[in-house]
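**Student:** Mind docking chains B and C on chain A? Use the hints.
Chains as they are written, first to last, in numbering that gives the first Met the number 0: chain A, 0 to 571; chain B, 0 to 329; chain C, 0 to 368.
Misleading hints may appear alongside valid ones.
Within a straight-line C-alpha distance of at most 27 Å, the following computed DSS-like cross-link-like pairs (lysine-lysine) qualify [unchecked claim]:
#1 B:136 / B:240
#2 A:239 / B:154
#3 B:136 / B:193
#4 A:239 / B:186
#5 B:193 / A:159
#6 B:186 / B:314
#7 B:137 / A:239
#8 B:280 / A:344
#9 A:239 / B:193
#10 B:141 / A:239
#11 B:136 / A:239
#12 A:344 / B:51
#13 A:239 / B:150
#14 A:159 / B:137
#15 A:344 / B:43
#16 B:141 / B:228
#17 B:325 / A:159
#18 B:240 / B:280
#19 B:226 / B:314
#20 A:344 / B:226
Calculated directly from the structure, the hints in this document are not laboratory data. Quick caveat, the model's predicted, so the values are computed rather than measured.
In case you want the letters, here they are:
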Amino acid sequence: MPAIGPVEAARIPTPVVRHRLDGERVLRGALLTGFALFLWLFVGYPLLQVLWRSLLDNEGQFIGVANYVRYVRTPAIAASITNSLWVSTAAMVLTVTLAFVYAYALTRTRMPWRGFFRVVAMLPIFAPSLVHGIAFVYVFGNNGILTRQTGLNVGIYGAKGIIFAETFYCFPHALLILVAALSAADARLYDAAAALGASRLRTFLTVTLPGVKYGLMSACFVVFTLVITDFGIPKVIGGKMSVMATEIYNQVIGQQNFTMGATVSVVLLIPAAIAFAVDRLVQRRQYSLVTSAAQPLAPGRSRLARALLFVYCATIAAAIVGVYGVIGVTSLVARWPYSFAFTLKHYRFDTIGGYTPLLNSLEVAALTAVAGTVLAFVGAYLVEKCRTIASGPLYVASILPVAIPGMVLGLAYIFTFNAPGSPLNRLYGTLALLVLSNLVHYFTVPFLTATTSLRQMDAEFESVGASMGVPFWKTFWRVTVPIALPSIVGIGMYFFLNAMVTLSAAVFLVAPGTELAAVAVLLMDDAGDTAQAAAMSVLIIGSGLLVRLGFWWLLRGITRRTQAWTATPSEG
Amino acid sequence: MRRLAFSLLVLVLFAMPAAAKDTVVVYTALEPEQITDYMKAVNKTLPNLDVKMLRLSTGDISARFMAEKDNMQADVVWGVAATNMLVFKNAGLLEAYAPKGLERVQPLFRDKANPPAWVGIDIYMSAFCFNTEIAKKKNLPKPASWADLTKPVYKNEVVMPNPNSSGTGYLSVASILQRMKEPGGWKYLDALDKNMAEYTKSGSKPCKDAAAGERAIGVSFEYVAMKMKKDGAPVEMVLPKEGSGYEMEANALTRKAKNNAAAKAFLDWAISDEAMRLYSKYFAAVSVAGFPVPEGLPKDISKVVYPNDFDWSAKNRDRILAEWQKRYQK
Amino acid sequence: MTAHRSPAVALERIAKKFGHVVALRDASLAVAEGEFVCFLGPSGCGKTTLLRIIAGLERQNVGVVRMAGRDVSHLPPSERNYGIVFQSYALFPNLTVARNIAYGLEARRKSRHEIDGRVAELLDLVHLRAHTQRYPAQLSGGEQQRVALARALAPSPALLLLDEPLSALDARVRLALRQEIKALQRRLGITTIMVTHDQEESLTMADRIVVMNHGVIEQIGTPVDIYTEPRSRFVAGFVGHMNFLSVVADARPGWSRLGALALRHRAAPPVPAGTPVTLGIRPEEIIVGSGARDAENRIVGRVAGLQFLGAFTRLRLDLGDSAPPLECDLAMGALAEVGAKEGVELPLALRADALRVFRDPTPPAASDA
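Extracted from the complex, chain A is given alone in its bound form (with noise of 0.2 Å):
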């Protein structure tokens, strides 16, 4: 029998029969355009700002790519661009090299205290970027402990420093995607490499590398990603070394030259958005790799390898718990490395107007919690749930946020809020505009997040609620919300925890009195105050943790009272 071909489809027109406006419907569509009314207001139409801006110059006329040409002719600041990508390529393989390792060992051995390695390799994040350039200097500094006391010195400020501080900063990033790729392995290949007689090598290379191949990639991403945008680092332990991320901050604050500030962005934006879209495409193939028949792996037994591992571990452990107590050291002693009586006096932050930017920045961490999670989760309902022609637009606008740097981002928002004659004005110098651009500086992880777990739902769920009048927006309340609650926490504790310790984004939009807590250390390491530089970044972390805490004690509970749920059926 023919197919039934275009020829036929033609005969039947193409508008559908239109339902009834009902309130669900109206509701759904202004959720829909208020959702997009976003993603353009705060992502689209600031970077066109930037695009735009990059084309003028400082009179505001346009002169088309001049400022690009003026760039790369400039050999002092063209040489930004080589700085950023070798020190981030070279930041990536060793950060990638060492976590892959250290994954390997948490998950491929039986070696002790493991759980404790695993929590111990997860502290970076807790801090703002910067702060492990801070610990740095005081270890391996000019007049570092470590420089003092063997009169070695590594000569930390420039590329040395900036490689290994990054390294410490993205570890727990690539770690998490490593264990995760080295978790799920497929017992029966082993086996089977074991039954042709592959040697311990062969199996490596021709088994386990093949299989983590895409979280390589992605942690290779990852990192590559997080190095090139960051600006925290560079600015403490950078010395005369000037990268993509700190040549902005010079241009726009240092000559107040917010054209070439623009230009910088746009160049800056390039590598981002090339690892990114490399990314989704591996990403995209990735999910047929383990299947559902895979057997689990138990963990290989050779003592020696696990010897070794935890010696490896061990050190690296220590070296990150060491950076933490640096920073816990020199905010509690006089004077370092000169006096070390114990004193509290560099918590007493007198000349940044003491607490307050912690308190701000509980705040806006806080605020972009809950907006963000409400605003991530009800985007991705709104994108997978209501399929209309603008899901894939949507779906690309919400995940593009990851390719932009904060630095960008900031430059963006000081162009789109600080406009003559703008409504938008009114946001500009607010703690909200802190708020909406970590929200849209961290949205895609939070978003993917969602979008996964409103997948792993039955697609059904709103046609049984619909078909028994309930409105959709009740079986979202009823049964969307609370079964991916763990997914939703998850989210809320990413967007706390980012906004705690983002700087590049803040760092052009804080105001008077709306001071926050890692700016402040970057001010006062700035300063030269750096004791108390260390202080702040000490409660960054110690807040953090807390809230790590509570989020886990949270999640436990939500996880007995689902557990009922969840269970196997007991009976045939």
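**Tutor:** For chains B and C alone, coordinates are given in the frame of chain A:
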């Protein structure tokens, strides 16, 4: 419930900018630890004022102020380098205002126009911090002059502020160029650059780095040098024998605050005797005569400074910074 | 059923496409009140799309949906008054069995007391009284299906829609549930439309079957109609087994030729001699052995294979080069009687009243309006 969340968000978005009545938004580049001191007095003398302060380094605060020119946030600029004030004035960002007690201010310390666009409050000058401990360990002689800083023995031991972001940095560079003229001044700066370990963003950081032993010599300004010494760091202050560069810090009313009585009240206070007495604790000289000079500084600063041509400094600022950046920023 | 009563569901010339893919063409149908109708067809035939259009979960490009005479084409799902059970059940995992069943009732602002009463009633109806406070994950597949049924029935809808409700269950549970659903439907007298790809399911459960293929309704009729009087070769092949013989029409009406052999068949609209047509006969309608000796349409087949199927055995019979092998079902007794073994030649007869005629090959466009 979700509606509640949304209305909360809306509330957050639009309710927050609403400000209380007597709010004054102040942009300043004064040192944080001084501000704490001053604000205690402000709060006591002007209890009805709600001062919202943004404190950044000279370059940062100027950039911010210029960037916001179409949507101005600041009412008052307080304690920002006079060189930058000239730039603001030319850009039309300032509102001329004669604060109460203006007659007491020495003519040198104010804008020539009447009423003045800006009024100075203090003078600070370049000074070196020299870490004696590092010096002993590395066998470094104590430098006495700008010329000394280019000696090969100090290679990678000197830090100075980036003139792009720091008022201190700019005053040093401008003073060198005024004294040695161009291109001689640039030749000196080339030589200095060879010994430079880093150009910092803030003006006080070099001295604090020297105090922390991260660097042997930090080119900063006199106040921070004395403070580090008092705090027990192994540093000595050096006033270079060619003469220190100096800069004046000044106050101004912004275009936005034309009719803001609270902002004017703040500016009145900022040149009052009470304020001057506080400033004089920290600075080599203040703009009203008759206040004491801090301990450890020469009684007559005109003996140790190289005279600054503010107009030249302001007029050539963009050109100098561009040239400086081309040469030294990599 | 009186003539002036409007049908419970009436579909008038429904068409639906997804992009360039046509899912439904010109589907019209009337379902009487209290009737159990099955949409039967292979996957992709448009049966689920048609069900979802009735439910308002999908919107047609053309056509009208009426319920009890009222045009509901423009009504959203919530205003169409039906209950639906999906293949996946779509039970809310975070709600207990009782709360799942009460879900639709709570939206109708009934009192707690009323709701509890109705939930208890339905739990009795589906024999799940003991599981009231369990969560879906704690139930077996069959139990989950019964909860889904109870949930759909709870608000007393006028129409019950079942989308492949039994296909996720294992064979034994499926058989038991067939009976149970059918009995329940009889007892409640609720108009029911079920989508299935399982012909046996539709034959045992439906009052009427709607056979669909490639977005077209091929035939509507009772199970017996569909089985004995399939209107197209597709229906004949999809519902039950049928042997097909490619023949050409003979000059005598009611006759055709298979090679040299003349076959008499059922009366059919006359076609010019020499027109290729297809004859169809079900495996159990072929007469084998001594009974075939004196019958008309006699032929001889050699046993090429035997397939033991429990109650009967299916023989594969080669007719020589001119025709494809025939399949023929024989009960145990008959099998012994004819002495069927591989290689043995058997006399056969194709009963003329069992030989149905299908016009060859019917392109889909031909069945259009």
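**Student:** Please name the hints from earlier in the document that this structure breaks, with their numbers sorted from lowest to highest.
**Tutor:** 19
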